[in-house]
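Protein chains in written order, with our numbering: chain A, 6 to 107; chain B, 1051 to 1604.
Since the hints were made in silico from the structure, they are not lab data.
Errors might be hidden in some of the hints.
[As the list claims (entries may be wrong)] Calculated lysine-lysine pairs in the DSS-like style (CA-CA distance at most 27 Å, straight line):
hint, chain 1, residue 1, chain 2, residue 2
1, B, K1546, A, K100
2, B, K1359, B, K1297
3, B, K1215, A, K100
4, B, K1546, B, K1217
5, A, K61, B, K1324
6, B, K1215, B, K1359
[Claimed, not checked] Every beta carbon over 12 Å from chain A, so not counted as near; a handful from chain B, in silico:
hint, residue
7, A1056
8, R1076
9, Q1098
10, D1126
11, N1144
12, G1170
13, H1206
14, P1394
15, A1441
16, Y1466
17, P1476
18, S1487
All values reported here derive from a predicted model rather than from experimental measurement.
For every residue, glycine included, the Cβ atom is placed at its ideal position computed from N, Cα and C.
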Amino acid sequence: MSRSFTPKVVTANRLREGDVVYLTTDDHWSLTHHEAELIDDEAHAQIRLLHAAAQKLHVVGAYLADAKSGPNGPEPVHFREEFRTRGPSNYAHGKQADLSNV
Amino acid sequence: MYDYTAFDDAFVRTRVAQFTQQVERRLDGSLTEDEFRPLRLMNGLYLQLHAYMLRVAIPYGTLNPNQMRQLAHIADTWDKGYGHFTTRQNIQFNWPKLPDVPAILGALADVGMHAIQTSGNCVRNVTADHFAGAAADEIEDPRPYAELLRQWSTDHPEFQFLPRKFKIAITGSPHDRAVTAAHDIGLRMTTQDGAPGFEVFVGGGLGRTPMIGHLVRPYLPIPDLLPYVEAVLSVYNTLGRRDNKYKARIKITLFETGQAELTRMIEERFTELKPLFHGADQTLLANIRAAFATPTLRLAPTGAFDIAKADPAFRRWADTNLSTHRDPDHAIVTISLKAHGETPGDATSAQMRLMADLAETCGYGELRISHEQNVILPHVHKSDLPVVHAALSKAGLATANVGLLSDIIACPGMDYCSLATARAIPVAQELALHFRSLKLEDDIGPLKIKISGCINACGHHHVGHIGILGLDRAGVENYQITLGGDGTEDAAIGDKTGPGFAYDEIVPAIERILRAYLTGRTSADETFLQAYRRLGMAPFKAALYGAEGEQDAA
């Protein structure tokens, strides 16, 4: 069934801060793409997206983004999603700065 | 400058109070995102790629020093210590957090500013010539009319749900610095029998379907301004397409209806509306006009300016960043926010405070933001220029490049914007650094490069002498080039060169174009735009693609 299905992660922005987040297998929202749940089944992806969209007090604009498996966990496929994992290229702002301080 | 009346102040504060409660209701779950989204957009709050973004209106690009300091305060308190000035004469804060936005709007209200109608399908911030009130070639200061339009359009009940957004630009000078031809309504001041009025252009716009505005009224008397603009909006509100957002702007309405028929409908509606204006607007205009009186320009010797010209750095800056003021002892100073390698249009809070201080001490308390993403001190006595230059130099604000290659317009692109299809800022940064290292910028001379990160064309690429449009081609950033665009009174949409270039190919491609220009120009006096108009596309296409590529591209 999912032979032609490109694996996905569920991503959104945090309601209060606007940060980009990813849904993990244990239903948390992580700032790190590598910690996302990599979904390779289309029906399961829809269920996870519905679950995400219901969390109205936590996230905004949940959607499914293409991803692939990597040595440290899921990696983005498209350059837009790659930019979302770190922040803008003109300043060290956003996650590329915030996560390095953790 | 126009100061808020008690009415303005109460209106803005009421809106802040409403939005404060709306944010509270969103945060406690009483409002869903679908319910909240239109409310936040009405107050200029977007959700972008990495964070929220608050777009604050700077009406007709005019700021006083206290307002500029308050923007610095907002940047320090609730953002990351900087702001981004846009091609719409707005400022955008890229990192506000939702719970803080009501406090930011309150801080704006404290200095007579707001974010109302900076988004949504309504009449947006009215933009104007950034040299208004100072330019030597000006018929009249256009800002009183811009302010009248701002007051008329703010919360106008008929025009809150237009088919699409609506942008008005106005210039008081025959030399159009406000890109009026690329606006839904462009107003250019003119005279008839010595009486000032407006040429009215309708249906200009960039974006997916770029069009130059059509002249619908060669002369509109000043008292007819509001009824006529209202007639245009009224006809558009009725005819404009709501079935397809890509065909909803008035440029498409004009294209589909025909210029003659649309003009007839506007005139017909105008005759209905005109009698309903009983002169209150003209009384209001008279009051507004008083607020824009030119400051009393001081009389003093200008010798310090001539002496300072012995300093090559000062002279170079004076050559590029000063414009002719209507008073021969004063100059218009353009402060470049385009230092090589920096983000076009960004200013740190410290830079904002310095510019506010200079406006206060040497600039009669006036600042302007240009659609070219620079800051203007419109009135500076020539004897103060050395002091101004020295202060700007210390703050990294004395880049002498206004009107040159590195004075690039760039939209935020995919570094911030959720609509973008490619990055724009790093392309601008690399172009500026590359040509500085080649030491070719002075030789190339006047050149406007404009970069957009998607077809919505916030970076005005269609009217750049060289326009660059960033696209997503099969999951890779790809940059399409246009040549020969022009945003002035001779407005023209640039011509596509052919296939686009990858991210790491775009800077070398621009170099090939400019080397072809240097080879092909008649003399150093022939600008790039003049050379392109004379030579046409062929030599530039050959430089870009080679003989073989030219055939492929054809």
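Evaluation of the provided hints:
1. K1546/B - K100/A: Violated - the C-alpha atoms of K100/A and K1546/B are around 37 Å apart, more than 27 Å.
2. K1359/B - K1297/B: violated, 53 Å
3. K1215/B - K100/A: violated, 33 Å
4. K1546/B - K1217/B: holds, 26 Å
5. K61/A - K1324/B: violated, 49 Å
6. K1215/B - K1359/B: Violated - the C-alpha atoms of K1359/B and K1215/B are around 47 Å apart, more than 27 Å.
7. A1056: holds, 35 Å
8. R1076: Incorrect as stated: the minimum Cβ-Cβ distance to chain A is 8 Å, not above 12 Å.
9. Q1098: violated, 8 Å
10. D1126: Answer for D1126/B: holds, closest chain A Cβ roughly 15 Å.
11. N1144: It is violated; N1144/B is separated from chain A by about 8 Å at its closest Cβ, not greater than 12 Å.
12. G1170: holds, 18 Å
13. H1206: Consistent with the label, H1206/B stays out of reach of chain A, its closest Cβ about 30 Å off (over 12 Å).
14. P1394: violated, 10 Å
15. A1441: For A1441/B, whose nearest Cβ neighbour in chain A is about 25 Å away, the distance exceeds 12 Å, so it holds.
16. Y1466: Non-interface label fails for Y1466/B: nearest chain A Cβ at 6 Å, not farther than 12 Å.
17. P1476: For P1476/B, whose nearest Cβ neighbour in chain A is about 5 Å away, the distance does not exceed 12 Å, so it is violated.
18. S1487: Given a closest Cβ separation of 19 Å, the condition holds.
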